[in-house]
Amino acid sequence: MNIIETQGLTRRFGKMEAVHGLTLAVPQGSVLALLGANGAGKTTTLKLLMNLLAPTAGSARVLGVDSRKLGEKEFAQIGYVSEGQEQPRWMTVRQLLDYCRPFYPTWDRALEATLLRRFELPADRKLQDLSRGMLMKAALLSSLAYRPKLLVLDEPFSGLDALVRDEFIQGVLEVSALGEWTVVVSSHDIEEVERLADRVAMLEGGRLALDETTEALQARFRRVEVSVDGETAAEIGGKTWPVAWLERETAGRMVRFVETRFEREKTEAACRGRWPAARVTAQAMTLREIFMVLARQGRKAREVAA
Amino acid sequence: MSLTWHIVRKDLRRLAWPWAGWMALVAVSAGWIRLVGWDGANREITAAGRWIETVGWVAQIAVFAVFALQTALVGALVLEDRTTGSDGWWMTRPVTGGRLLVAKLFTAALLFVMAPLALTLGLSAVGDVGAATARSVALGVFWTSAWVLLGVVMGALTAQLGQMIFATAVWTALMGTAVLGTAVFRWPPGAMDPAQLQARVEFASVGPWAALVAALGWQYRTRRTRAAWAMVAAGIAVASVFNGAWPERWLPAAVKPALTSAEQAVTVELKTLVTPAQRNVPHALFLEIGGDAGPGAVFAPMEGKGELRWADGVRVPVSFGRGGLWGDQAAMRVAGARPGGGPVRWDMAMRLRDVPGERLRAGTATFSGTLVLARLRATVAAAGPLRDGWTAGEGAWAMRVVGWASSREPALLVEEKTAGPMIGGVGFAGRFSLAFETYLLVQPDRAIVKALHIRGLGAAAVNGVTLRLLALETTAPMRVIDGRRVEVEGWRDGATLVRVRFADAEYFERTVTDLPLTLTTEEAAR
Chain E
2 MNIIETQGLT RRFGKMEAVH GLTLAVPQGS VLALLGANGA GKTTTLKLLM NLLAPTAGSA
62 RVLGVDSRKL GEKEFAQIGY VSEGQEQPRW MTVRQLLDYC RPFYPTWDRA LEATLLRRFE
122 LPADRKLQDL SRGMLMKAAL LSSLAYRPKL LVLDEPFSGL DALVRDEFIQ GVLEVSALGE
182 WTVVVSSHDI EEVERLADRV AMLEGGRLAL DETTEALQAR FRRVEVSVDG ETAAEIGGKT
242 WPVAWLERET AGRMVRFVET RFEREKTEAA CRGRWPAARV TAQAMTLREI FMVLARQGRK
302 AREVAA
Chain X
14 MSLTWHIVRK DLRRLAWPWA GWMALVAVSA GWIRLVGWDG ANREITAAGR WIETVGWVAQ
74 IAVFAVFALQ TALVGALVLE DRTTGSDGWW MTRPVTGGRL LVAKLFTAAL LFVMAPLALT
134 LGLSAVGDVG AATARSVALG VFWTSAWVLL GVVMGALTAQ LGQMIFATAV WTALMGTAVL
194 GTAVFRWPPG AMDPAQLQAR VEFASVGPWA ALVAALGWQY RTRRTRAAWA MVAAGIAVAS
254 VFNGAWPERW LPAAVKPALT SAEQAVTVEL KTLVTPAQRN VPHALFLEIG GDAGPGAVFA
314 PMEGKGELRW ADGVRVPVSF GRGGLWGDQA AMRVAGARPG GGPVRWDMAM RLRDVPGERL
374 RAGTATFSGT LVLARLRATV AAAGPLRDGW TAGEGAWAMR VVGWASSREP ALLVEEKTAG
434 PMIGGVGFAG RFSLAFETYL LVQPDRAIVK ALHIRGLGAA AVNGVTLRLL ALETTAPMRV
494 IDGRRVEVEG WRDGATLVRV RFADAEYFER TVTDLPLTLT TEEAAR
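Protein chains in written order, with this note's numbering: chain E, 2 to 307; chain X, 14 to 539.
The hints are simulated quantities; they were obtained by calculation from the structure and are not laboratory data. None of the hints are false.
Anything over 12 Å on all C-beta distances counts as not near chain X; from chain E, calculated:
| # | residue |
| --- | --- |
| 1 | 21 |
| 2 | 125 |
| 3 | 134 |
| 4 | 192 |
| 5 | 206 |
| 6 | 210 |
| 7 | 213 |
| 8 | 241 |
| 9 | 273 |
| 10 | 276 |
| 11 | 293 |
| 12 | 300 |
Covered stretches of chain X, as calculated for chain E (at least 3 residues, CB under 8 Å):
| # | region |
| --- | --- |
| 13 | 15–23 |
| 14 | 97–107 |
We put the CB at the ideal spot given by N, CA and C, even for glycine.
Isolated chain E (complex conformation):
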């Protein structure tokens, strides 16, 4: 069952199209990292899902309900933490939790106490007196204590130092382990979320460039090195290249590229079809490396289009 489904979701601000025709499905229990450079449309997408913005075209269903019709019942099962979200800063942490509690029938006081202790939040301090990291933790706590079915985190790590970020991630991981929760977390840096995500979606200029599990993604991306004997540099460079081979480089008799549809036999066959004496080695890539390749590719495509 999909917790989130979008169909051709589009949002324009004047002439600028922030999100274009986004069709996406997030299965229940998955942790989706929504990636993209600044301005790629991540926050807009999440705001569309949360009915904070109205779509210009297309639709989204969240927890089986049209996002435009999300009501008290649905929001009682959704946790939303965003860097830009306003907080009642005049309240203390305890007052915030006291205020939130009656709205959620599933509020778990034991979990609240556990998280309060684990996050080391000063309960009697006003939110306005908390550091940025503490404030985000308080927001997370007030969004986790009722065990939401869906947790949406919009750039929760930006501006947090490494230690706080690690604690934050640890908190989400621990809570995620407690139940069948679905998490959508947006970030402009995959390093921040690669520990969390089992699924990755990438936005490029408001369009969905990628949407698959991290396992499948890492399986199909390889950095390939081909040692070519018996051919001149001109012959090597003059070959046509498959579109799935990105960031192609030639250095002497070495050819390097990123294979985006890696299957050992097929990739080797493709190389030998071009260079009969080729020796092929393939290295696995981290999510960060894959993300960087795609980001550079997207930028290049935009420059060409421009």
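Dock chain X against chain E, hints included.
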């Protein structure tokens, strides 16, 4: 309901201290105004001038402060959970817009209507409480609620307190212009029948207020702020269009000749024209009108049209209406008092017709034309001229003359004896505008009065039965009179007397022939 109350309690906690400070200001203002009002009554009138003026100013400043702080607090209440933008905390919580709106309205009513009302009632407990007090309370609650509602709407449609206050000011200005525009920009002001003005303002105000309510509901339901603003703007536009379509001028179907209570002709004496002193009043004309208008009543000039003629045959068409001090003068005359024992002149604002090359000249001229006079009477005036002390206004406007201010402009300082809050729970002292009764006399042999249709809820009948919210039509000449609370009181002097409560003058028309006038304007002298 429990969750709504949960939100209300949160807002009460949030605003507790600022609101307590505001209530203290309300209490101090109301109490102080009341105290000095009573004290002032016992002072010698001649010595009290500057003191009374100071009291008036301080009272006005206090009322303004209460007013401004109340607006800011209402804004803070709404903006605590703002509905604009996409970053509001409540927007991703299990709180519907409807629930939040109910909570905000309840809190606003509790803090800014009911609480000051209770306080003011407590302060006025020493006075007599009767039907007038009840009406006063209702009126106070109505206006305070309207102002608070405006604050709630503007808070809902803006993102910050500064924007909210700015939007409130702009809406108020636009609303005033749309509703009163014709009267404001029309000159001379006397050409606008005050009765018409009140009715028109009331009708024209319906659109903008209805639009505000609609925009508020829409905003909390959909958070589509631009559409909500469009509704607000449409309301103002409707008022403006309504105003444009409203007949500009209305006079009674049958205007009777100006006669005194002894059936004698009213005398009119034109005094001098003076140097133009105000940029918006080219010339001021003073009139003195003689003749006994009856107990507690006075004849007052409303408007006039005609021409000035000089001995050498030059003629200049002129029109004039009520001048800037007219309201004060009416108040003084009706109250039966005179500042310093001298005559009270009627200030009339005068203008030339818009004919190029026409100028007033110095010297003696004569005026011929038509004057429309009104017989003014205090609404709930006791028989006989009113003296210093208690005068009575209608309903909420029970007033007490405290004394005279001996400043440049003669003025009355009056104390409102209101039981309920006007705005922010405080009555205010200052010049009062007189409330009048209006009688529309329709000659039975030339006109009949019949109800055409009812415009809203209410009963309709003729000859002794109250007609409410209806349109009346008279014949000879055919005129439609829109109004509310119209009562046919019966027959008097062979005429059908229709009492139109919203109107405020009994009109008499007088054709003036060759009244002498000495022109001393600098402009004329040149």
